[in-house]
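Please model the entire structure based on the sequences and the hints provided.
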Amino acid sequence: MNAKTETAIVTVPEIAVVDEIKDEIDEVKTFYFRFVDEAAGRNFRIRSGQFIMCTVFGAGEFAVSLPFSPENDRLHLSVRSVGKVTRALHDLKPGDKIGIRGPFGNGFPFEEIKGKNIIYVAGGIGLIPLRSSIVHVLQHRDEFGRILLLYGARTSKDLMYTYMIDKWLKTDGFETHIAIDNPEPGWTKHVGFVNTLVERAGIPVKDTVAFVCGPPVMFNAVIRDLLKRGLKDAHIISTLERHMKCGIGKCQHCAIGRTLVCTDGPVYTYKQIKTLGEQI
Amino acid sequence: MNILEKKKVPEFMAALAADYDLYGPIVHPDSKDVLFDRAADPGDIALQAPIPYNPAKIPFFPQRESILGYTYDRSTGDVRIAPADLVRPKALVGIRSCDLTGLLCLDRFFLGQEFVDDVFRDHRRKTFIVANTCVRPFPQCFCVCTDSGPSAREGFDINLTEAGDVYLVEAGSEKGEALVRKLELPAADEAQTALKDKIVDGSIALFDEVSRENKAWISRATNRLTTGFIRNEVWEYIGKQCFECGACAFTCPSCSCFNIEDLNGPDGTTDRCRTWDSCSFEGYTKMAGDHNPRRPVEDRRNKRFFCKLSYSQSRKYLRPGCVGCGRCVRVCPGDIGLPTVVTAIRREITE
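As you go down the protein sequences, you meet chains H and B in turn.
Taking this note's numbering, the leading residue of the first sequence gets 1, the next gets one more, and so forth.
Taking this note's numbering, the leading residue of the second sequence gets 1, the next gets one more, and so forth.
It should be emphasised that the hints constitute simulated quantities derived from the structure, not laboratory data.
The reader is advised that the hints may include incorrect statements.
Claimed, not checked - So the derived label-pair ranges between C-beta atoms look like this:
{"hint": "1", "chain 1": "B", "residue 1": "Phe-229", "chain 2": "H", "residue 2": "Val-10", "range": "20 to 26 Å"}
{"hint": "2", "chain 1": "B", "residue 1": "Asp-44", "chain 2": "H", "residue 2": "Gly-277", "range": "45 to 51 Å"}
{"hint": "3", "chain 1": "H", "residue 1": "Lys-114", "chain 2": "B", "residue 2": "Tyr-53", "range": "54 to 60 Å"}
{"hint": "4", "chain 1": "H", "residue 1": "Val-10", "chain 2": "B", "residue 2": "Glu-174", "range": "27 to 33 Å"}
{"hint": "5", "chain 1": "H", "residue 1": "Lys-84", "chain 2": "B", "residue 2": "Ala-49", "range": "40 to 46 Å"}
{"hint": "6", "chain 1": "H", "residue 1": "Val-36", "chain 2": "B", "residue 2": "Arg-64", "range": "42 to 48 Å"}
{"hint": "7", "chain 1": "B", "residue 1": "Arg-220", "chain 2": "H", "residue 2": "Lys-157", "range": "55 to 61 Å"}
{"hint": "8", "chain 1": "H", "residue 1": "Arg-42", "chain 2": "B", "residue 2": "Ser-75", "range": "44 to 50 Å"}
{"hint": "9", "chain 1": "B", "residue 1": "Phe-229", "chain 2": "H", "residue 2": "Ala-88", "range": "41 to 47 Å"}
{"hint": "10", "chain 1": "B", "residue 1": "Arg-220", "chain 2": "H", "residue 2": "Val-36", "range": "54 to 60 Å"}
{"hint": "11", "chain 1": "B", "residue 1": "Glu-174", "chain 2": "H", "residue 2": "Pro-94", "range": "53 to 59 Å"}
{"hint": "12", "chain 1": "H", "residue 1": "Lys-232", "chain 2": "B", "residue 2": "Phe-281", "range": "35 to 41 Å"}
What the hints assert, rightly or not - Chain B residues, not near chain H, derived (Cβ > 10 Å throughout):
{"hint": "13", "residue": "Asn-2"}
{"hint": "14", "residue": "Ala-49"}
{"hint": "15", "residue": "Leu-68"}
{"hint": "16", "residue": "Thr-127"}
{"hint": "17", "residue": "Gly-155"}
{"hint": "18", "residue": "Asp-201"}
{"hint": "19", "residue": "Ala-288"}
Note that beta-carbon positions come from the ideal geometry of N, C-alpha and C, so glycine has one too.
Okay, here's the thing in structure tokens:
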């Protein structure tokens with residue numbers, strides 16, 4: 001999982017205009033953008049699972065995974081306001097400009113998993129990086145077997161992209177199981193941590209690949225339950241998050257074990273993660 | 001090989017100073033401390049001074065450097081981005097083989113991986129290097145253990161070796177040969193040429209005597225780190241000794257970790273600066289939202305020595321990340337310079 005990124009904008013950000021901002025859930029907004037230079041826009045080709053470095057002018061740069069699919073999808077970022085730079089991003093208005101470097105990283109290994117069933121397991125805003133993959137897979141529906149989304153969040157208000165999930169459900173053979181951590185008035189779906197959906201949903205095991213993304217606690221619980229169900233560790237795929245500064249394998253902030261999340265990842269199999277020798 | 005008479009050294013320095021900013025070991029007039037720095041006067045460079053306190057990476061990878069500048073006027077939407085272009089040609093004069101090896105490590109890392117670091121490349125393109133054979137080791141040195149000294153074998157434009165009243169001059173590049181021709185340096189005779197090996201052998205022989213405390217036989221430690229299992233107690237011991245001052249990384253010729261920050265100036269411009277960073281700092285891996293996957297101090301120490309002794313082999317430098325300069329030994333207030341750690345790992349093997 002280490003292909004060269006030929007279109008990456010390495011050091012100097014390319015300027016983009018934020019043309020629409022949408023409130024998603026508490027603290028999370030989606031920023032639709034387009035490149036000022038049309039040629040740069042045409043050259044900006046991503047692989048699902050990659051990330052970019054986004055500059056908020058005057059505040060700094062942050063790494064963010066790309067939620068849009070490589071094909072036919074509007075360029076956008078869904079970002080939680082959690083630090084100095086992302087707070088500054090949340091203060092932007094339509095028409096404001098941002099800088100984009102990238103795309104960086106390896107991306108999801110779609111070629112290797114053709115014909116397999118896919119289970120997406122997401123916790124909270126962990127659905128953001130998986131969105132790109134889901135949209136891509138649904139666009140190539142014939143190439144895959146069953147497609148399941150197991151999605152959980154703390155409360156019903158913390159569920160991302162619910163309006164999209166409704167749309168995805170109209171695609172043939174797309175199943176969704178949704179859970180929230182604690183009971184809420186009016187909630188008719190499952191209550192419990194997202195890993196409990198693994199047992200409940202009766203997931204396929206043979207020829208199945210799982211994409212897992214969410215906070216570390218959820219990640220560990222889900223992995224444990226997927227392995228218990230019989231999934232192979234090489235068939236569990238995740239995208240890891242680390243503090244990044246350069247995005248090109250130089251600053252070393254994202255080093256885990258012998259690897260760097262920015263150039264060797266962010267997509268790793270659980271088989272690889274096990275050998276890294278660090279907390280997730 | 002050619003000959004540079006010692007009395008002609010000022011002429012040699014002046015020829016370099018005509019084309020380059022000169023950097024080299026400079027003895028502070030009051031404290032007598034030796035620092036690697038820009039020479040205001042070519043005569044300030046002290047070729048035979050002890051090894052400088054700071055590493056020779058400074059001209060290429062300064063402690064703080066602007067890598068990009070921009071202005072953004074939100075009201076008009078006007079953005080102007082300018083890559084930093086402040087690189088002046090520079091000559092490093094009198095760097096020892098350990099420091100030169102550190103620089104070659106950085107070359108490999110910044111220029112030879114998947115992505116090239118543009119800023120570092122610009123620095124390196126405009127560089128002239130005059131290496132200086134170490135004719136006697138200093139108490140903290142262990143370059144013979146790390147295959148990086150006492151005399152440079154590659155990466156220099158000119159290599160000097162002190163031999164009595166003269167320097168033996170080897171040119172290592174076309175630029176170096178051009179300078180030798182320009183100064184019309186006489187060719188060395190057979191006896192002088194043979195002297196070089198004797199001087200290097202003499203320096204290695206002295207090592208055994210001078211640097212008794214710092215031998216770091218790292219190949220066994222590397223092997224153990226890469227293939228074996230080091231007990232947690234070893235890392236805990238090392239972690240407890242660490243003051244998290246970062247001095248080891250900041251004085252290391254091959255440490256390259258950096259941070260990037262956008263700093264706003266009063267005139268509405270922003271500088272994107274990179275500054276040295278160290279994996280021993282607790283905040284190094286801290287993410288937004290305060291999640292820190294690498295919190296315990298022994299875990300961070302573990303990473304630094306894995307990086308130096310094991311990970312460097314696999315991809316970064318294709319050699320140990322340590323060049324045996326001994327600066328980490330000199331600056332560490334907790335006595336966990338690299339030789340101590342190597343000894344701790346080797347002791348574990350024998351137990």
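Against the structure, the hints:
no.	hint	in the structure
1	Phe-229(B) x Val-10(H): 20 to 26 Å	violated, 38 Å
2	Asp-44(B) x Gly-277(H): 45 to 51 Å	holds, 48 Å
3	Lys-114(H) x Tyr-53(B): 54 to 60 Å	holds, 58 Å
4	Val-10(H) x Glu-174(B): 27 to 33 Å	holds, 30 Å
5	Lys-84(H) x Ala-49(B): 40 to 46 Å	holds, 44 Å
6	Val-36(H) x Arg-64(B): 42 to 48 Å	violated, 31 Å
7	Arg-220(B) x Lys-157(H): 55 to 61 Å	holds, 58 Å
8	Arg-42(H) x Ser-75(B): 44 to 50 Å	violated, 29 Å
9	Phe-229(B) x Ala-88(H): 41 to 47 Å	holds, 45 Å
10	Arg-220(B) x Val-36(H): 54 to 60 Å	holds, 57 Å
11	Glu-174(B) x Pro-94(H): 53 to 59 Å	holds, 56 Å
12	Lys-232(H) x Phe-281(B): 35 to 41 Å	holds, 38 Å
13	Asn-2	holds, 38 Å
14	Ala-49	holds, 32 Å
15	Leu-68	violated, 7 Å
16	Thr-127	holds, 19 Å
17	Gly-155	holds, 20 Å
18	Asp-201	holds, 38 Å
19	Ala-288	violated, 3 Å
When held up to the earlier numbered hints, the structure conflicts with 1, 6, 8, 15, 19 and fits the remainder.
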